[in-house]
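2 protein chains.
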Amino acid sequence: MANNITDKKEIVVGVDIGGTNTVFGIVDFNNDILLEDSFKTIPENGADNFFERLAIIIKEAYGKFESKHVLSGIGVAAPGANYMSGIIESPANLKWGDVNFTEIMRKYFQVPVALINDANAAALGEQEFGMAKGVKNFIVITMGTGLGTGIVVNGQLLYGENGLAGEIGHTIVKKGGRQCNCGRRGCLETYVSANGIRRTVFNFLGHFTEQSELRQISFENVTSKLICELALQNDPIALKAFHFTGKILGRALSNVVANFDPKVIILAGGLAEANELLFEPAIKYFESTLLNVYKGKVQILKSNLQDGRSAVLGATSFVREILCKEILQVI
Amino acid sequence: MANNITDKKEIVVGVDIGGTNTVFGIVDFNNDILLEDSFKTIPENGADNFFERLAIIIKEAYGKFESKHVLSGIGVAAPGANYMSGIIESPANLKWGDVNFTEIMRKYFQVPVALINDANAAALGEQEFGMAKGVKNFIVITMGTGLGTGIVVNGQLLYGENGLAGEIGHTIVKKGGRQCNCGRRGCLETYVSANGIRRTVFNFLGHFTEQSELRQISFENVTSKLICELALQNDPIALKAFHFTGKILGRALSNVVANFDPKVIILAGGLAEANELLFEPAIKYFESTLLNVYKGKVQILKSNLQDGRSAVLGATSFVREILCKEILQVI
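One line per chain: the protein sequences are F and A, in this order.
So for the first sequence, numbering that gives the first Met the number 0 puts the first residue at 0; every next one is plus one.
So for the second sequence, numbering that gives the first Met the number 0 puts the first residue at 0; every next one is plus one.
No wet-lab data here; the hints were simulated from the structure.
Careful, some of the hints might be misleading.
No copy is singled out in the list; a pair is fine if it fits within one copy or between any two copies.
[Said to hold, decoys possible] Heads up, simulated BS3-like pairs for lysine-lysine below, C-alpha to C-alpha not over 30 Å straight-line:
hint	residue 1	residue 2
1	Lys106	Lys324
2	Lys94	Lys294
3	Lys262	Lys135
4	Lys283	Lys173
5	Lys94	Lys262
6	Lys94	Lys106
7	Lys239	Lys224
8	Lys8	Lys132
Next up, chain F with everything else stripped away, as it sits in the complex (with noise of 0.2 Å):
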């Protein structure tokens, strides 16, 4: 480590990469955050591509901090992201295989880096700056291009044996359901996600009569902010299309408690957004279909921080706790 910890104030940069929009901040060590952006993704062009112009981009927002504040870490919140080995395991949305995350960032970066599942990073963000404050059991569902799950038990992220807990996104909720980026069939982010209502919204056209504006757009241009806006002016595709997603995702949280009697299940990611059109039929879905003795017992409360937000103030925890520590990877 070069740096010269002076009179200078030690920031932490933290990135939340996502399928489609990579999110990043800095944040001091008092928790004030003095910088956010985010940039496309891009995952087509590959991880080399994607690394190569992160640097660029957290070089030049360090920049502006560089004289009177000193990096002290980063900490990179992705899907699939193992932080045991530090290699980004074939994120099923990004398809770029296997990632050697720290090799990677050893080229660009001479500060200790940490990396850490984006749903994870979520549930840390939760626990520290939103909706999880002192709150011991809870699962945090991030809803954007695939559904990711942190987990929280007794006040402690669930890792597993090799890292690999909480992919709930990738429990089959239908036997030869859709397809499925990770090769299997019926997983549940191929329903509940920003990708999943997308599908849903097509499988509808084809199976409904009613009109509908989404007749006049093509797959790759319905978002699923669109549908949400749609289904507000009473779009009977959107509307019948939210439904069904809550619906499933009920269901689905139903299993979940089963699972892991959480006091708490956080809904964030960009699916969140649509407020009501998900929570109302997730909930009434959710509350039907639960086991008895947990009924009652379980609140779904949207996060309260900013879309992608809480995986970035996750990842800062993240590797501010890892330098707190001394446990770092010192690249």
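Assemble the complex: chain F is given as a structure, and chain A must be docked to it using the hints.
Below, chain A alone, put in the same frame as chain F:
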């Protein structure tokens, strides 16, 4: 407490209340098992009747050791048991409604008692005496009348927020599927349990035309043990029933892994006694359904403790642990 802890050796009683049989044992503080026995639960006679009989049987069993031993505590494992509340909460397969265990036991015993979920007790038994020695992340699946789950993460039992974690037997694996004693439909235990395979056999007797000795026997008289015996004699319906049961179990376990990322899954209880009849299809469908990142990382093993013994031993571990921690519930 009226116990005179003089030169007498301390012993504890462990009890495992099953839907069909109740197993109990007396264990000393060297982990030596002094006595093991069982009796019929007869749940239809009600909880009061059961605990009255349990008290008589325990006192009679303890009587044999009274001259040289002193009873320090009783650990009771039961389905739906909640150690946090001291209530046996509406156990689906006993149909007793909520049972105030602490209050009932107070009528009969003057020593500390501890209540633990039967599958959690089985997990403690496996951890101390069985296949999970030294394993930090494992799951025990007990397949008796119902299907129970004991989950250990980071070496500790997972209780969840209300002491109700690990009801995987009541995760719904088939929407609108078989009617369950919990009042819902399609729960895993309606397929994968001693009772579940009996139901499968009768479905299959209706669905298929093959000859089978099972066509001579009434529903009430068919047991999972008999189905196993007939399968070993190549009875086609019995063989199909085991294949189907293993398939559903294997697929369900692949979803369980996506939640917890365990190192080992231990199958225990009467149905596990079918050995390869169950394990071969279970492991085949487990491995083929598993998300890629988990492949080759999770072992499915058979408990090496005699049926019912892991929960009895776990219940004794649990009450001794509580005695040691001096957080006892003195009654």
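For each hint, the structure was consulted:
1. Taking the closest pair of Cα atoms, lysine 106 and lysine 324 come within 30 Å of each other only inside a single copy of the chain (25 Å); across copies the shortest separation is 52 Å, beyond that limit.
2. Proximity of lysine 94 to lysine 294 under the C-alpha cut-off of 30 Å is restricted to the inter-copy arrangement: shortest distance 18 Å between copies versus 39 Å within a copy.
3. In the homo-oligomer, the alpha carbons of lysine 262 and lysine 135 lie at most 30 Å apart both inside one protomer (8 Å) and across protomers (24 Å), since each shortest distance falls under that limit.
4. Taking identical chains as interchangeable, the C-alpha atoms of lysine 283 and lysine 173 lie at most 30 Å apart whether they share a chain (20 Å) or sit on different chains (19 Å).
5. In the homo-oligomer, the alpha carbons of lysine 94 and lysine 262 lie at most 30 Å apart only across protomers (27 Å), although the nearest pairing inside one protomer, at 34 Å, exceeds that limit.
6. Only within a single protomer do lysine 94 and lysine 106 lie at most 30 Å apart by alpha-carbon distance; the minimum there is 22 Å, versus 64 Å between protomers.
7. For the homomeric pair lysine 239 and lysine 224, the shortest alpha-carbon distance inside one copy (15 Å) is at most 30 Å, but the shortest distance between copies (48 Å) is not.
8. In the homo-oligomer, the alpha carbons of lysine 8 and lysine 132 lie at most 30 Å apart inside one protomer (26 Å), although the nearest pairing across protomers, at 48 Å, exceeds that limit.
The structure is consistent with each of the numbered hints, conforming to all of them.
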